[in-house]
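Two chains, two separate frames, one set of hints: put the complex together.
So the sequences go chain by chain: A and B. So the first sequence is numbered by the working numbering: it starts at 1 and just counts up by one. So the second sequence is numbered by the working numbering: it starts at 1 and just counts up by one.
Incorrect hints may appear among the rest.
Beyond 12 angstroms from chain B on every Cβ pair, some chain A residues (computed) [as the list claims (entries may be wrong)]:
#, residue
1, I68
2, E80
3, L81
4, K128
5, E132
6, I138
7, G160
8, I255
9, F329
10, L355
11, P358
12, V359
13, N369
14, R372
15, L380
Example chain A residues on the side facing chain B (calculated, C-beta under 10 angstroms, incomplete) [said to hold, decoys possible]:
#, residue
16, N2
17, K304
18, I312
Using 25 angstroms as the maximum straight-line C-alpha spacing, the simulated DMTMM-like pairs for lysine to aspartate or glutamate come out as follows [stated by the list, open to error]:
#, chain 1, residue 1, chain 2, residue 2
19, A, K304, B, D55
20, B, K140, B, E175
21, A, K270, A, E260
22, A, K19, B, E141
These are calculated hints, taken from the structure and not from any lab test. Just so it is clear, CB atoms sit at the ideal spot from N, CA and C, and this is done for glycine as well.
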Amino acid sequence: MNIKTAFFLAYTSLRRGSKGTLLMTILIMTLAYVNLVFIASIFGGIVEAMNKESINNQYSNIVIEPAIDDRYIDNKEAVELIDTIPGVVGSSAHYIDKALISYDEYSDGNDIKSGKWVVKSVDVQDEKKVTEIHDSIIEGSYLDATDRDKIIIGKEISGGHGGGLEHLSLGGISVGDKVDVLFSNNTKRTYTVKGVFSVKSTQVDQMAFVTKKEMESILKVHNLASEVLVKIENTGEEDKYVNEIREIGLQDEDIKTWDELMGFTSSASKSFTMISIILGVIGTIVAGVTIFIIIFVSVVNKRKQIGILKAIGMKEDTIILSFIIQALFYGIVGVILGASIILFILRPLFIANPLDFPVGWVSLKVTFNIIRISNISLLLASLIGGFFPAFRGARESILKSIWG
Amino acid sequence: MIIEVKNLKKTYEGRVPTHALKDINFGIEKGEFVALMGRSGSGKSTLLHQLGLLDTPTTGEIIMDGTDLVTFSEKEKADFRLKKLGYVFQSYALLPELTALESVYLPLMLLDVDKKEYIKKSSEMLDKVGLGDRLHHLPKEMSGGEQQRVAIARALVNNPAILFADEPTANLDSESSEVVLELFKKLNKEIGQTIIMVTHEPDDKKYVDRVIWLKDGVIED
Chain A
1 MNIKTAFFLA
11 YTSLRRGSKG
21 TLLMTILIMT
31 LAYVNLVFIA
41 SIFGGIVEAM
51 NKESINNQYS
61 NIVIEPAIDD
71 RYIDNKEAVE
81 LIDTIPGVVG
91 SSAHYIDKAL
101 ISYDEYSDGN
111 DIKSGKWVVK
121 SVDVQDEKKV
131 TEIHDSIIEG
141 SYLDATDRDK
151 IIIGKEISGG
161 HGGGLEHLSL
171 GGISVGDKVD
181 VLFSNNTKRT
191 YTVKGVFSVK
201 STQVDQMAFV
211 TKKEMESILK
221 VHNLASEVLV
231 KIENTGEEDK
241 YVNEIREIGL
251 QDEDIKTWDE
261 LMGFTSSASK
271 SFTMISIILG
281 VIGTIVAGVT
291 IFIIIFVSVV
301 NKRKQIGILK
311 AIGMKEDTII
321 LSFIIQALFY
331 GIVGVILGAS
341 IILFILRPLF
351 IANPLDFPVG
361 WVSLKVTFNI
371 IRISNISLLL
381 ASLIGGFFPA
391 FRGARESILK
401 SIWG
Chain B
1 MIIEVKNLKK
11 TYEGRVPTHA
21 LKDINFGIEK
31 GEFVALMGRS
41 GSGKSTLLHQ
51 LGLLDTPTTG
61 EIIMDGTDLV
71 TFSEKEKADF
81 RLKKLGYVFQ
91 SYALLPELTA
101 LESVYLPLML
111 LDVDKKEYIK
121 KSSEMLDKVG
131 LGDRLHHLPK
141 EMSGGEQQRV
151 AIARALVNNP
161 AILFADEPTA
171 NLDSESSEVV
181 LELFKKLNKE
191 IGQTIIMVTH
201 EPDDKKYVDR
211 VIWLKDGVIE
221 D
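Chain B on its own, in the form it takes in the complex (with noise of 0.2 angstroms):
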């Protein structure tokens, strides 16, 4: 198992606190693309917030390695995200100041890699998506289907044993979002990426090999 959940809660405090996640419990397998459905408020979002180390529950484990990554520092934690996972984000979240490439070299930058290396390296991952004739363009310069490829080559470039994508097509139009499941189906056939994927698009299942149902803050049979 490449991960795994353990008695996971989280609460908002307030006036009213609000329990967005209760007592999850579930596994992934290395290899798997699994997508985290449910309504708006199911606490999908807020799961894989949780599992991808950007937020912190409020009880429960996260097992990796047989490490629980809730322990960790946030020093940890960013230096995990940065050798072991990657992010694709509803928006493109893409620099406006760097190129595709640049953006893409950004987390081999942080890794001290070899600037032949990580440009290298970077135009190959750019080449894979589909991009490799897009390598100097800024984003303001691009569709948001090629940003949002930029992004995943971004998430991709270290080669992070789980990708997190959070509703990835929820801002594209319906080819491009075809463009990037098929991508991401593509990446998890071909070299066995691991993906979870928060979607509400119930279409997007058939890209998947498991959908792990949320219905308020718990996980459905």
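Just chain A, same shape as in the assembly (with noise of 0.2 angstroms):
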């Protein structure tokens, strides 16, 4: 093989051969090669808006649930220690029962609207270390630490703020109306609406909020916790955490983290990364046939030049080498001008401007991951889809290849 002659003759072919034919070649690989990431990049994204909506939103880290027969966790002294975990950012322990809530318009005892929602109770202070329901709220304000009867109400359950339950809401309750809350224990208390919150989780949106202090004095209890949220620093080291808050004292407490209580959403992200690796093969293979059939127009074309080059002597792995190089050339550039739309146009632009997805906040998650992957796919795609066909024409008699 002589690899100069199979890079001169790649060099000659590419510089003087036809500019349309090169330029529509290089542009197909590069639309072939922002396809490839664009669409493992905006189902990443997805992925990663659901995950954050569920850290962020709902379950934080890591749930601490009591032991299977308890109904609170009680080892007081050992909840307190996790935040002097170190990477523990914060931890936030919340009181849940299942309340009645109900709203008398007129309040005249006609056309009451009720239902029944989830309320939890927050140590204010902790919970703005742990979620981020507080920068979510879109009418009124967040609970204060000292507020005794006040609530704050998901868009699921005042209505009015579109959400996808609207006709099982309250029918649009406002900031300062009044809601009756039967709770489970029998206690009925009247609270005012501070605040209503919207998230991308119509499970969260179901919830309601009071404080700590407030859901004590109704369940009778002190210093107990339904949950404990727990926030780190770093996403993806929870089993670490789970192992040392095991170790602080809370052996025997159902200790989970999100993705385990993630459920449906997990199982959409599974699907949306299995969706995004068929359509990365279906890409692939589309860029590889492409590159077939442009290099096999191209050898069809040359069938007689490539006769010639034998006859004078050339051996037939130069020829393929040749038709080889040409073919990784316009995936190469497809590589750089393609990765180069998405780093320095789409990327920016999207994180600029993300999609309002139902599951969140989308923008292209472009991973080095996703772009090694790409690179090697596109790369790949262009050595198979030149080399048959050089082989094949290369492999052509002299004789035929020159006269036909």
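Right, here's the structure in full:
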């Protein structure tokens, strides 16, 4: 094989061949690459948005629940130690109750709207370290530590904010309206709606929050918890912290990580990943077939020249290599231009203007892994797509190549 | 003898086998300018293809330097063609993307000759065929006669033992044909280049030392 001559032939062919074909091929390869990275990144973005939503507004990183036979977590000392574990950002203990919330719009006992929703209590300062619900108030304001007769409710309870379960809501109540809440122990309280929040999780938007002190007075408990959410610095290291939490004394409690609790969302994100892989494989095959066709047409057009090259003593492998170099050139330029479009145009554009998906704000999640796999896929597709027609063309007999 | 052919046969298989060459025997001396002539279908081009290792005979021997070339593998044949043989085809057979100079130095590149050396040798060869002022022209910028002279320069640049020419003037006007044939004659006389040329033009006889006539796959006396 004469590598130098193969490069020389590929270079002259690219430089002096049809500029239109060259530009069109590069454009196709660039779009094929953008397609590969974009699909993987947008699905990655959706999965990330779902995960972020779960972590930021629902489960935080780790959820500690009482041991199977217990109603509450009563190891107060151990719970207080969670915050001292290095790498833990904060923890927030909740009481959880299922309560009947009613709204009598005209205070006349007629046309009362009501529903059963989850009511949780929060220690305001602790909660702000663990979830972002305080940043998701769309009307009114968040709870203060001293609030006793105030409640904040999700938009699926209040209604009137375009939630998906409007028909089950209280029909559009606003800040300042009063609601009656009948807790599971039959204690009934009247609260003024202090705020309405909206996150990207329907499950969370169907919750209401009161302060810890208020809930303790209703449930007649003190310093216990129905659940404790724990926020850590580095998502992905949950297992390590689960072990540390157990070591500080919460041996029997049910400790789960956010991804174990995601359920439907988790299977949805797995499906998205699967779809992304399937589309990626299809995209790679399309790119490979495109290169195959381009090189095939080139080989057919140069059939006679291939025969002449062989007649003057050029070996088949040198001829094949010259076509593979051309195919790889298309692939490499496609990768460079495609990566530039993704990294310098599409990614900044999506970061500045994320898409409003029902699962969260979706941006392009361009990872090193996606770039690496896409690079390898396109170059491999170019290599294979270039090799086969070149091999076929170069293997043909000299006389057949020259005279047909 | 530079090349010797013994009992050469070429049969194209098919429902009705075609015997293109039937027991050919002859030899060519070094420095000879030989024409293979005959009517269409006589087997002259088929014989040239066998001699030039562009095709493989059904049986027989082609002996050069004491070696039977028929026994060579495809790679050995390619190597032999590159180092020992030169070709000029009927149609100019140049790569459209290569300039005259690049076309000529391509065989030298394949022989791993130093860049300075192959540019010098190729320029000299183009000068010898009268194209010293057309080094950087692409085929589309040259006439048919000029393109054929580039093909001749390419065929000769590696100092082949034998130059094969397959109807080299078939696509040229009479003026260009004369230039090409005069060039062959000059190369044969001046540097003793062995040339085997297929032609169907009776007038071409005046340029060659000897004519081998073929008829229906056999050499006519």
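Here is what the structure says about each hint:
No Cβ of chain B comes within 12 angstroms of the Cβ of I68(A); the nearest lies about 76 angstroms off, and the non-interface call holds. Remark: the non-interface label on E80(A) is consistent with the geometry, its nearest Cβ contact in chain B lying 79 angstroms away (cut-off 12 angstroms). Separation of L81(A) from chain B is adequate, the least Cβ-Cβ distance of about 76 angstroms exceeding the 12 angstroms criterion. Listed as outside the interface, K128(A) is consistent with that label: its C-beta sits roughly 69 angstroms from the nearest C-beta of chain B, beyond the 12 angstroms cut-off.
Listed as a non-interface residue, E132(A) keeps its Cβ farther than 12 angstroms from every Cβ of chain B; the least gap is roughly 62 angstroms. Non-interface call for I138(A) relative to chain B: holds, since the shortest CB-CB distance, roughly 66 angstroms, exceeds 12 angstroms. The beta carbon of G160(A) sits about 71 angstroms from the closest Cβ of chain B, which is more than 12 angstroms, so the claim that it is off the interface holds. Look at I255(A): its CB is around 69 angstroms from the nearest CB on chain B, clear of 12 angstroms, so calling it non-interface holds up.
The non-interface label for F329(A) is consistent with chain B: the shortest C-beta to C-beta separation is roughly 14 angstroms, beyond 12 angstroms. The Cβ of L355(A) sits about 47 angstroms from the closest Cβ of chain B, beyond the 12 angstroms cut-off, so the non-interface label holds. The claim that P358(A) is not at the interface with chain B holds, since no C-beta of that chain comes within 12 angstroms of its own (minimum 55 angstroms). For V359(A), the requirement that its beta carbon stay farther than 12 angstroms from each beta carbon of chain B is met, with the minimum near 54 angstroms.
Every CB of chain B is more than 12 angstroms from the CB of N369(A) (nearest about 40 angstroms), matching its label as outside the interface. Annotated as non-interface, R372(A) keeps its C-beta farther than 12 angstroms from every C-beta of chain B; the closest such distance is 35 angstroms. Every C-beta of chain B lies more than 12 angstroms from that of L380(A), the closest at about 27 angstroms, which supports listing it as non-interface. Checking N2(A) against chain B: minimum C-beta separation of about 5 angstroms stays under 10 angstroms; hint holds.
The criterion of a C-beta within 10 angstroms of any C-beta in chain B is met by K304(A), whose closest approach is roughly 7 angstroms, and the hint holds. Annotation: I312(A) was flagged as interfacial toward chain B, and the flag holds, the nearest CB pair being 5 angstroms apart, inside 10 angstroms. Simply put, K304(A) and D55(B) have alpha-carbon atoms about 16 angstroms apart, close enough for the 25 angstroms limit, and the pair holds. Proximity of K140(B) to E175(B) is assessed by CA-CA distance (about 20 angstroms); at most 25 angstroms being required, the pair is judged to hold.
Distance restraint check for K270(A) and E260(A): the Cα-Cα separation of roughly 13 angstroms lies within the 25 angstroms cut-off, and the hinted pair is therefore satisfied. The straight-line distance between the Cα atoms of K19(A) and E141(B) is roughly 18 angstroms, inside the 25 angstroms bound, and the hint therefore holds.
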